[in-house]
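Peer 1: Add chain B to chain A, keeping to what the hints say.
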Amino acid sequence: MATKPRARKGTFGDAALPVAGAYLTPRRRRGLVWLGLALGGALLAWAVLDFFAFGGGFVSGGPLSSGHAMLQNDCAACHSTPSAGDLALGGTGEVTDANCGTCHERLGDELGVYSFASHYLYRSGDFQRLVPSEHEMPCSACHVEHQGRQAVITQVADARCQTCHTFGSFGDGHPQFDVLAEGRTDRAGLHFAHGQHVKEVMERQALVDLEVACLHCHQPEADGRQFQPISFDRHCDACHLTATETTPRMPVGPATAAEPGVATLAQIRDGGAPGTDWALFANPGEFREVGDLVSKSPLHHRDPWVMENLRRLRRVLYPNAGLADLLDASAEVPAEQLPDLYREMVATLEAYVRGLRSDPSPAVQDEIANLEEILRQVRRALDDPYTPLDETELLLGLERPADLDPDQRAEIESLVADLTSVCATCHPVERATFARVDTDLRELRRAEFDHRAHVVQRRCLDCHGEIPVTAALEGGTLTEAQDHSGIHNLPAIESCQSCHAPKLANDSCVTCHQFHPDDGRRSQLLLYLDPEEAAP
Amino acid sequence: MAKADVATHGVRSPVAARSAAPRASRARTARGRRRRAEAVWRRAALAVGVLCVAAYAVGAWLPMRGLEPRPGSHLGVAWGIGAALLLLTTVLYGARRRAMATSSKLRLGTSRSWLRLHLYGGGLFLLLLLLHSGFKLPAGGLSWWLWGLSLWVVVTGAAGLALQRWLPRVLSSGLAGEVHYDRIPELVTQLHRRAESLAASSPEPVRRFYARTLSSVLGEPRWNPVYFLDVGGGARRRLERLRRLYPLLPPAEQPKLTELEDLVRTKLEIDVQYTLQSALRGWLWVHVPASLALVVLVALHIFAVIYY
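Chains as they are written, first to last, in numbering that gives the first Met the number 0: chain A, 0 to 535; chain B, 0 to 307.
Okay, chain A solo, but in the shape it has when bound (with noise of 0.2 Å):
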């Protein structure tokens, strides 16, 4: 329709109609506002019969997870309902840590599986860990409900981890492994050559392969996840301490200062000291005594001769040794292995206990009754992975020495020295005290590294080359530098980097590490139920 101009004042049209006849009245458009109230009271009135018919899922987030499945029309179940009072004053029903651990664990347990004090552990065992961190946050920080059935809430994402550590993912500015970055030594606690034993365990087995010859020794445990420990038994008995192993001749005699020497099996039996019940099953056979000398041939792996009378030295050189005169080895061990010292302490205690339970006096079995009382308590902080534990007393013994005169003292030293000759061979021997194996072989302790997963893309030496095996093997000498027990023989980070990386292999930090790290924990919580809870 073509625009045409009009002359006409308040004509519409062609047909000239006049469009202000009368007054008009402006319709009002309530029905729009009544409209909108009517669609949004249905919906508030359909929230409220949910809330209080079908328990709330309208105003839910969203579904829970699998395993919260079943709470999923139970809001109270997580969320704190908060008083009119609390809402007035600003608070909220949040999902609380005690609200989790109503099913998780119960409450009041401060150092509990799933607490930020247990991640601070973190097998560590060291509670100096153990400072509370400004960044503490509740479990539903971290695990964040209400993104579907199929959602894994344990699927924490590294950000999290970055509330508190300062590096991201394990490929952007992870540090350095500890033992790597702090140039520490492996504590292997064992004179060994790695060079000499691969070639040795390929002649005799007459392997080809060198990985085999690894796995000779480093046996996996059955989910291929690490090594078993190394085990005198399985590895080394078959070529050490053969039949033909000896001790020198050494002095009989009372282990005095003034009359240093060691005790025959026969003064061993007589004496019937606590823990030498061993003694009355021992061959008479491996002794030969010549006037005043003694010697044991053949020697087993923890000769129960050997350990009694370097016992019975030490007691001389360091009268004050307490506690660590109830071990057989240094107690100089890495925090998380300290329950292992009580665990061998309390064995020992066991021992002398059952080694004087026929005396019948009054005296003695008074101080069992005691013995028996302290050693319940042990074992019952023992059963609790975190009871600090203190291995002060047990360092300091041998810090406080016998005041001897040079020479007794170098006299004492050389018995020791003979007496130990041949275990000396592969185990150090310090202030009368052989050094503590360290048989568990894993630095990276608080990672969950998994060889499993890895020896199909990579071989052994592939990762662990700082020892040149292969050198050795090809009629290389390798020196006491590049192979002693010392060496941990682990890759750099880069080495493990050159996979996990962004858009490579997974690089998240829960890849490797774990918040809630105790598995074993976790199928105990029955513990912490309540007697009458637990009475059926």
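No lab work stands behind these hints, which were simulated from the structure alone.
From the three backbone atoms N, C-alpha and C, an ideal C-beta is built for every residue, glycine too.
A couple of the hints might just be wrong.
Said to hold, decoys possible - Quick list of the computed label-pair ranges, beta carbon to beta carbon:
| # | chain 1 | residue 1 | chain 2 | residue 2 | range |
| --- | --- | --- | --- | --- | --- |
| 1 | A | L394 | B | I305 | 52 to 62 Å |
| 2 | A | A44 | B | A158 | 22 to 32 Å |
| 3 | B | V52 | A | G66 | 33 to 43 Å |
| 4 | A | G54 | B | S110 | 39 to 49 Å |
| 5 | A | A44 | B | M99 | 32 to 42 Å |
| 6 | A | L48 | B | A158 | 28 to 38 Å |
| 7 | B | S110 | A | F50 | 35 to 45 Å |
| 8 | B | M99 | A | G66 | 50 to 60 Å |
| 9 | B | M99 | A | G54 | 41 to 51 Å |
| 10 | B | I305 | A | R458 | 54 to 64 Å |
| 11 | B | A158 | A | R445 | 51 to 61 Å |
| 12 | A | T101 | B | V57 | 30 to 40 Å |
Peer 2: Here is chain B on its own, set in the frame of chain A:
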């Protein structure tokens, strides 16, 4: 000048030629002021939007507690509060329109300012909503309703804005004049009455044609979507059929046919007005109720968040 004025303002009286020049100058000044104000609003909204997105990006990039891109983090809650406040402000625009006198008395700003706040606030509301949800689809009944209604309100608002920009231009430039929507039934009744009377006094061919073809067309306002595409809407074709009657009529009767032709042309223009103005007003029915329902649900959401 008078022609231009009539083309622009329809039935409004032509402007007196003697005052045209100063008025044009004032109009240009006012237009310039409006453009500058519009630019300020646009830049301000853009700046706020960019700042919000930058803050979101920083939060997503930096591993700082409280800045994570999720609804429950401190930053996420801030986005939520911002979005709720913007929603409230944009809804108040409707209330302000219904209380002009009070608003004017309290000096609460001009209508234009409120409209800009409504438009730019609505856009920012959608942005903050997306930031609040971390650009993820919602989960849960209430969240879906909130998300869906928010999207619906913003999309219908944008559609309304487009209609408001487009249809008035069509109405003012493509038609001879404009008519108040509420008066259309009254005008159609007048027109129909005149046409009936005219047809009754016309010769037989005109009466028959009127009864068969025009009576139903002129009887009531007709909504026809074709007017969105062509404001002519086939009027020429219809009038052509009417003109074919001229040779059948004696010269003395032809003016009646001409008058009837004017009535039909006017009716068709009224239909165009009716159709286009229906759209201008009807879109509010898909926008306003949803907005109010959204406000109710946001209140419920806030209560649920505080309570839980």
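Peer 1: Run through the hints listed earlier and report the numbers of any the structure violates, in increasing order.
Peer 2: none
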